[in-house]
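*Asks:* First to last, the protein sequences are chains A and B. So the first sequence is residues 1 to 314, counted in this note's numbering. So the second sequence is residues 1 to 290, counted in this note's numbering.
Watch out, some of these pointers could steer you wrong.
[Stated by the list, open to error] To give a feel for the contact side, a few chain B residues facing chain A, derived at Cβ under 8 Å:
1. S20
2. R22
3. A26
4. L30
5. S34
6. L109
7. S111
8. R255
9. G256
10. A259
Since the hints were derived computationally from the structure, they do not count as laboratory data. C-beta: ideal position from N, C-alpha, C; glycine also.
Take a look at the letters that make up each chain.
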Amino acid sequence: MTEPVVRTEQLTKRYDGLVAVRDLEMRVEPGEIYGFLGPNGAGKTTTLLMVLGILKPTAGRIYLWGRPLVDDSLAVKRRIGVVGEHDYIFDHVTADEYLRFFADLYGVANPAARIEALLDRLGLLEFRTLRARDFSRGMKQKLSLARSLLHEPELLLLDEPVSGLDPHGIVDVRHLLLELNRSGVTIFISSHLLSEVEQTAHRVGIMHRGRLVRQDTIPALRGMLRRDPTLEVELQAPVPHLDAQLLALPVVRQAQTNGRRLVVTVAPGADHRGMISQAVAAAGGVIVGMHAHEPTLEEAFLTLTDAAVERWVS
Amino acid sequence: MGVVAGVRDATRIRSAWIISGRPTAAMIRLDLFSTLTALAPYAVVAVAAALAGFVLQNDLHRVQEDGLLVIGDPFAVSLYGGVLLLSVYLAASAAMAVAREREQGTVELLSYGPVSAFSYLLAKFTSHVLQYMFLVVLLLGSYLLLAVATGLHLRGTTLLAMALSIGPAAAAAALGLLVAALIRRVRPTILAVLGLALGTVGLQVAREVLVRLPAPEFHVNPVQVLRWAAVAVSSITQWLLPFGYVDRELSVMLRGDLAGALSVTVAACVYAAVVLALAAAGLDRTGIRR
Numbered sequence: 001m002t003e004p005v006v007r008t009e010q011l012t013k014r015y016d017g018l019v020a021v022r023d024l025e026m027r028v029e030p031g032e033i034y035g036f037l038g039p040n041g042a043g044k045t046t047t048l049l050m051v052l053g054i055l056k057p058t059a060g061r062i063y064l065w066g067r068p069l070v071d072d073s074l075a076v077k078r079r080i081g082v083v084g085e086h087d088y089i090f091d092h093v094t095a096d097e098y099l100r101f102f103a104d105l106y107g108v109a110n111p112a113a114r115i116e117a118l119l120d121r122l123g124l125l126e127f128r129t130l131r132a133r134d135f136s137r138g139m140k141q142k143l144s145l146a147r148s149l150l151h152e153p154e155l156l157l158l159d160e161p162v163s164g165l166d167p168h169g170i171v172d173v174r175h176l177l178l179e180l181n182r183s184g185v186t187i188f189i190s191s192h193l194l195s196e197v198e199q200t201a202h203r204v205g206i207m208h209r210g211r212l213v214r215q216d217t218i219p220a221l222r223g224m225l226r227r228d229p230t231l232e233v234e235l236q237a238p239v240p241h242l243d244a245q246l247l248a249l250p251v252v253r254q255a256q257t258n259g260r261r262l263v264v265t266v267a268p269g270a271d272h273r274g275m276i277s278q279a280v281a282a283a284g285g286v287i288v289g290m291h292a293h294e295p296t297l298e299e300a301f302l303t304l305t306d307a308a309v310e311r312w313v314s
Numbered sequence: 001m002g003v004v005a006g007v008r009d010a011t012r013i014r015s016a017w018i019i020s021g022r023p024t025a026a027m028i029r030l031d032l033f034s035t036l037t038a039l040a041p042y043a044v045v046a047v048a049a050a051l052a053g054f055v056l057q058n059d060l061h062r063v064q065e066d067g068l069l070v071i072g073d074p075f076a077v078s079l080y081g082g083v084l085l086l087s088v089y090l091a092a093s094a095a096m097a098v099a100r101e102r103e104q105g106t107v108e109l110l111s112y113g114p115v116s117a118f119s120y121l122l123a124k125f126t127s128h129v130l131q132y133m134f135l136v137v138l139l140l141g142s143y144l145l146l147a148v149a150t151g152l153h154l155r156g157t158t159l160l161a162m163a164l165s166i167g168p169a170a171a172a173a174a175l176g177l178l179v180a181a182l183i184r185r186v187r188p189t190i191l192a193v194l195g196l197a198l199g200t201v202g203l204q205v206a207r208e209v210l211v212r213l214p215a216p217e218f219h220v221n222p223v224q225v226l227r228w229a230a231v232a233v234s235s236i237t238q239w240l241l242p243f244g245y246v247d248r249e250l251s252v253m254l255r256g257d258l259a260g261a262l263s264v265t266v267a268a269c270v271y272a273a274v275v276l277a278l279a280a281a282g283l284d285r286t287g288i289r290r
């Protein structure tokens, strides 16, 4: 059995009476993209800094590749690439010099070629001689990502990796992360951008008020919310009393019209789209579009964190 | 068997170099690049050279006026001033570098990688000692120019005293690092280093003045009490603060006591090593986060 890349046991961090992370039991498996979600102040960054050995836990243990973090942590850090929440980029050096320094730090073989390849991949090659202080926030974010990839890490720890990027940059970084993951890199993304994590992560852990309220795959989280299937129908023109006619059907649980838009909740277990189409046509309506509504990660997140708040309050 | 042990040792050394040595070397190179391309170190050397020029001009003026000036080493006062100035600069520069990098988040960024608190401080320490060596060479160059211009002789003991001042300077850099490790913010760090330097010098001056002051004949003699207090406190700070090592090293060497000067330099190096270890422990304790 392969050891998880990151495993925490009863990990706890307290600051002057405030519990930032409480009894965290987390597992990041080899080769997966793990999304670490939570609202601001949930304890995501504190967890990340403890995993890196920068903050000392108040209690609990951290294992990286099956070994306690305290053992030979400098050697272990060579296997990790990190993009922090607010990476400082030396402003007196150029992008090329900045990366060359980190290549020296990690002892990267053939640094010039590696730097060129990464700058090219991230669209920064033409800016390599520009001082980092002249970079935009998005460019700095990409430069941080290039730095974290210089030494070809086996584990990438990313704290809000797409914050500050424009839509093109977000797509570029998403593709790069998926590409890296396909080549075997384990990726841990801490973020509150749910839509982004939903498109990349295999599993997610949801943090709230220092606790891991759920850790599962995205389909499982959606499944947890699975209610009766909902169909969203777009009509060519509003049809009077359509909702009442639809409610007469035995499979329809709920029907609601709003102008040309119709939302129908049906009984689970079968595809009822044909029956709904016939009923709409019988009522004199014309359907121009119909799709089944899937619960999103955002809904799962909100449900879990709201439930956690309720539990906490009670 | 011996061959296997030798190979194992070589592998261990190589792995230690990869894990700690190479990152430290990379940090030293970056530090040297940024400090030697800045204006401040050259400004300090220029002030030290100007001080030497002023002292020598004053001496020559007295020779012209009196026709005679008996002096052991014409560069002694300049050397005291120059080395002390460079040491204070070194302590303040080391302290400022660490405090600023901690505030900016550079230390945190470095520790994402294979950099420990000790290797980070060791890099800062080494780059500052190397910087001092470079600045001392520049200062020596300016003394040589002054010697040629004034016709005064630059003695071998002066050159040796300059070379051996690396020990006390290293101690000053280590103290700067310790102060920065214990105090988080830039301004309080600089004020603390300057306060310690000025305090040491002030105490030394007070001691000299009090020793020369005639003691009035009261039942409880206040001058005697102050003199005793100044001597007691400065005897402790002479060992606890690096600027005392500068004073001892130069006065011993300028007297021509090479063995004594060497022992002060060794003591200063031991002081630097202990303070550096304390600074690493302090940085670990106070945390590397901004």
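*Asks:* Run every hint past the structure and note whether it holds.
*Replies:* Cross-check of the supplied hints:
1. S20: holds (7 Å)
2. R22: holds (5 Å)
3. A26: Constraint on A26(B) satisfied, holds at 4 Å.
4. L30: holds (5 Å)
5. S34: Holds, about 6 Å.
6. L109: Holds: closest Cβ of chain A sits about 5 Å from L109(B), inside 8 Å.
7. S111: holds (6 Å)
8. R255: violated (45 Å)
9. G256: violated (45 Å)
10. A259: Nearest chain A Cβ about 41 Å off; hint violated.
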